[in-house]
Amino acid sequence: MRVSDEVAEALAAGRPVVALESTIISHGLPQPRNLQVALELEEIVREAGAVPATVAVLDGVPRVGLDKDGLDRIATEPGLRKLGYRDLAPAAALGLSGATTVSGTSFLAARAGVRVFATGGLGGVHRGWTSVQDESADIDTLSRTKITVVCAGVKSILDVPATLQRLETKQVSVVGYRTDEFPGFYLHSSGEPVDWRVETPEEAAGIMRAQDALGGLETALIVANPVPADLQLDPDLHDRVLAEGLRAAEERGVTGQAITPFLLEYLVEGTGGASLEANLAAVRGNTALAGRIAAAWAAG
Amino acid sequence: MRVSDEVAEALAAGRPVVALESTIISHGLPQPRNLQVALELEEIVREAGAVPATVAVLDGVPRVGLDKDGLDRIATEPGLRKLGYRDLAPAAALGLSGATTVSGTSFLAARAGVRVFATGGLGGVHRGWTSVQDESADIDTLSRTKITVVCAGVKSILDVPATLQRLETKQVSVVGYRTDEFPGFYLHSSGEPVDWRVETPEEAAGIMRAQDALGGLETALIVANPVPADLQLDPDLHDRVLAEGLRAAEERGVTGQAITPFLLEYLVEGTGGASLEANLAAVRGNTALAGRIAAAWAAG
Amino acid sequence: MRVSDEVAEALAAGRPVVALESTIISHGLPQPRNLQVALELEEIVREAGAVPATVAVLDGVPRVGLDKDGLDRIATEPGLRKLGYRDLAPAAALGLSGATTVSGTSFLAARAGVRVFATGGLGGVHRGWTSVQDESADIDTLSRTKITVVCAGVKSILDVPATLQRLETKQVSVVGYRTDEFPGFYLHSSGEPVDWRVETPEEAAGIMRAQDALGGLETALIVANPVPADLQLDPDLHDRVLAEGLRAAEERGVTGQAITPFLLEYLVEGTGGASLEANLAAVRGNTALAGRIAAAWAAG
Ligand SMILES: [Mn+2]
Ligand SMILES: [Mn+2]
Ligand SMILES: [Mn+2]
Numbered sequence: 001m002r003v004s005d006e007v008a009e010a011l012a013a014g015r016p017v018v019a020l021e022s023t024i025i026s027h028g029l030p031q032p033r034n035l036q037v038a039l040e041l042e043e044i045v046r047e048a049g050a051v052p053a054t055v056a057v058l059d060g061v062p063r064v065g066l067d068k069d070g071l072d073r074i075a076t077e078p079g080l081r082k083l084g085y086r087d088l089a090p091a092a093a094l095g096l097s098g099a100t101t102v103s104g105t106s107f108l109a110a111r112a113g114v115r116v117f118a119t120g121g122l123g124g125v126h127r128g129w130t131s132v133q134d135e136s137a138d139i140d141t142l143s144r145t146k147i148t149v150v151c152a153g154v155k156s157i158l159d160v161p162a163t164l165q166r167l168e169t170k171q172v173s174v175v176g177y178r179t180d181e182f183p184g185f186y187l188h189s190s191g192e193p194v195d196w197r198v199e200t201p202e203e204a205a206g207i208m209r210a211q212d213a214l215g216g217l218e219t220a221l222i223v224a225n226p227v228p229a230d231l232q233l234d235p236d237l238h239d240r241v242l243a244e245g246l247r248a249a250e251e252r253g254v255t256g257q258a259i260t261p262f263l264l265e266y267l268v269e270g271t272g273g274a275s276l277e278a279n280l281a282a283v284r285g286n287t288a289l290a291g292r293i294a295a296a297w298a299a300g
Numbered sequence: 001m002r003v004s005d006e007v008a009e010a011l012a013a014g015r016p017v018v019a020l021e022s023t024i025i026s027h028g029l030p031q032p033r034n035l036q037v038a039l040e041l042e043e044i045v046r047e048a049g050a051v052p053a054t055v056a057v058l059d060g061v062p063r064v065g066l067d068k069d070g071l072d073r074i075a076t077e078p079g080l081r082k083l084g085y086r087d088l089a090p091a092a093a094l095g096l097s098g099a100t101t102v103s104g105t106s107f108l109a110a111r112a113g114v115r116v117f118a119t120g121g122l123g124g125v126h127r128g129w130t131s132v133q134d135e136s137a138d139i140d141t142l143s144r145t146k147i148t149v150v151c152a153g154v155k156s157i158l159d160v161p162a163t164l165q166r167l168e169t170k171q172v173s174v175v176g177y178r179t180d181e182f183p184g185f186y187l188h189s190s191g192e193p194v195d196w197r198v199e200t201p202e203e204a205a206g207i208m209r210a211q212d213a214l215g216g217l218e219t220a221l222i223v224a225n226p227v228p229a230d231l232q233l234d235p236d237l238h239d240r241v242l243a244e245g246l247r248a249a250e251e252r253g254v255t256g257q258a259i260t261p262f263l264l265e266y267l268v269e270g271t272g273g274a275s276l277e278a279n280l281a282a283v284r285g286n287t288a289l290a291g292r293i294a295a296a297w298a299a300g
Numbered sequence: 001m002r003v004s005d006e007v008a009e010a011l012a013a014g015r016p017v018v019a020l021e022s023t024i025i026s027h028g029l030p031q032p033r034n035l036q037v038a039l040e041l042e043e044i045v046r047e048a049g050a051v052p053a054t055v056a057v058l059d060g061v062p063r064v065g066l067d068k069d070g071l072d073r074i075a076t077e078p079g080l081r082k083l084g085y086r087d088l089a090p091a092a093a094l095g096l097s098g099a100t101t102v103s104g105t106s107f108l109a110a111r112a113g114v115r116v117f118a119t120g121g122l123g124g125v126h127r128g129w130t131s132v133q134d135e136s137a138d139i140d141t142l143s144r145t146k147i148t149v150v151c152a153g154v155k156s157i158l159d160v161p162a163t164l165q166r167l168e169t170k171q172v173s174v175v176g177y178r179t180d181e182f183p184g185f186y187l188h189s190s191g192e193p194v195d196w197r198v199e200t201p202e203e204a205a206g207i208m209r210a211q212d213a214l215g216g217l218e219t220a221l222i223v224a225n226p227v228p229a230d231l232q233l234d235p236d237l238h239d240r241v242l243a244e245g246l247r248a249a250e251e252r253g254v255t256g257q258a259i260t261p262f263l264l265e266y267l268v269e270g271t272g273g274a275s276l277e278a279n280l281a282a283v284r285g286n287t288a289l290a291g292r293i294a295a296a297w298a299a300g
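Residue numbers (my numbering), protein chains in the order written: chain A, 1 to 300; chain B, 1 to 300; chain C, 1 to 300.
Just so you know, nobody snuck in bad clues.
No farther apart than 30 Å at their CA atoms in a straight line, the calculated lysine-lysine pairs in the DSSO-like style are these: (1) C:Lys146 x A:Lys146; (2) A:Lys146 x A:Lys68; (3) C:Lys146 x C:Lys68; (4) B:Lys82 x A:Lys146; (5) C:Lys146 x A:Lys82; (6) B:Lys146 x C:Lys146; (7) A:Lys146 x B:Lys146; (8) A:Lys82 x A:Lys68; (9) C:Lys82 x B:Lys146.
Quick caveat, the hints were computed from the structure, so don't treat them as lab data.
Produce the complete structure using the sequences and hints provided.
Right, here's the structure in full:
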């Protein structure tokens, strides 16, 4: 694993660092906007007084902290793989490159000593889980990794209530940031309640310190940070297009691994690109909050 | 975490200690009987030659071993939360108080060095899991925590066979205490087989020593101890009232987190309080056996 | 735990060792062929330049490396239990003997410092999991144990796609050995894709070294090695007899723990013994490959 000089120095000096995932760059956004967003998110981290550490694997080497060339490769190299935790050792041994998911990023960031990670939405339990097994490894990684993930909930194409139940079953702590309702990724609220609420980055950092004091199991803290209501996707539009997309997937026989990209693309098109803007607004907000939490944590 | 002086001294001297959970006090019994039972259970531990360590969180401080004032607060403070493992860090950071579930109690007891824990029944897989995800975090905690839990099985309002399967899937050791059938909480037997059987506290302590010798994974040992046949709830009454309660829950649309308290209350009322007496008989028996196992363990 | 002198010396000297499970001897094959196969598999390991370490529990003592007398006991003693990880402590404390499953073998081998393990097929998710919980503890053990398991996939009487999903959900790395399709145990291919592929024992050993370099979670590497196409069970015969067996199980009300032995026996009879020969061909191939991977690992 290679930690960039800037990140290594910040960690050594106890200065705030925020990890960023790279699948949003490689698989989540069209070129060339993806590179612009990657650079913008790093800048948002810096504005909050923290050092950005985008995570990926390049030529078999897990990297925590990418320079401009590294970001450029993730944004433009064709055929990059998505790497979860279980893919890291094969990718390293076979010398491949890839973008890291929430699972892969959480693991590598935590190993490097980075405690705060910003992303858009978590993976979770797929709709249709009553007949087809499909649960993202993100949940298992977070159940076994001490990291704080700032996210806007779970992608709404998944089964959100089932995902929240799995997070409870697997002991991942979840707190709402200035909300009593779990965010709905594109939407301010998913309608589901959340048990704990914090009002400030300092309160979130306090929970992280309590995790350290308790010791024992290494589990994550999810800080669920809603997209601002005025930047969310129109809820009626969301519900209508998502329902259409689910019907279309069924009619066209789209199943398995293919269903997530199909639905995300369907949402982008069916909302005239508004779902992408809401997604980006959520990611920007999460990144800024992660920077503030990292700063509060470093100050503790 | 604060360990009471008496518990700390017993642990330092290698004397037997038994952890007790606190949700039975805060949420499981009506006032003022709950405080009487809390004191009675501590006394049962003492009679077995062990030191009781009731576990809870007071003003954000996890406590292992409560004095009379602490028990009184758990028995009487309105609005106390139920705290599983994943709630401990938020509660600590936010300075709140709460009673600990099997999950929260197991974690805190094990961290304090207490190896034996007595409770009534474990949480598990909810009926209806084929359409709604709902599995207690108790199972995951026991899959990751080296503690011996003496219980009378799994609350019969849950799906007992599914819960036993999950305990197998997640590698939690289960032994029957003088029985080849898994107990039925209110009932002497659930009708389900159990693979291992011990006859004495010394045999249970022997398995704990074997766990230590094997090393590696930290997993729990469940000692499943049936309520004596002459103190059990009448099986026909149990089955009839439970079936009625399940029907009533469906008719009235009671779902999710609300279903457990609804069914437990339905059983108490529908059995004229007999389910509560069987529950208490089970807890008393488990507490006495836990004391004897802790003594055998300390003597080893 | 007792590690045989030969195995202990090999481990101390950094020479290659391959663990072998014992339930195939005790429960998987008829006498006296089972002992012959046990000896043959050990010989295959030796021919690959490695030391065999058959794993079992004898008189309460976990053993890694059995002599001829030990193998003989596993092959002939009536009423031997099948021991997964969670059964090891009870068996040890109660002084019993038993054969170890993939779960029990993986745990004991890893504890003894053996990194490579050869078996036939893994346990997994049972067909019918949408209505009855039943998932082998093998998956949880592999999710928590750093060992390399060479196998020919998952027994085809199970739900193979669901099992592959669970391995993904629980973060177990899976690579195909010279194949892009997950093997089908009796069959060269299950028809399911596998994400990673290695061409040589050295590449597999490279992934194991990458696991060590990454550190952190202890998870397994599954090297999925197909039975050679010319030694596989005839696919049409397999599909027909398996479908018949599943129908027969339903008609006769065979359920729960009884269904696996019923279906395996049905396959043996319905294929005129050909399923057993394909099974053995798979195990032989896995054992030889495990020997070569252990050698490549020891040379690293
Ligand atoms: Mn998936
Ligand atoms: Mn629940
Ligand atoms: Mn099973």
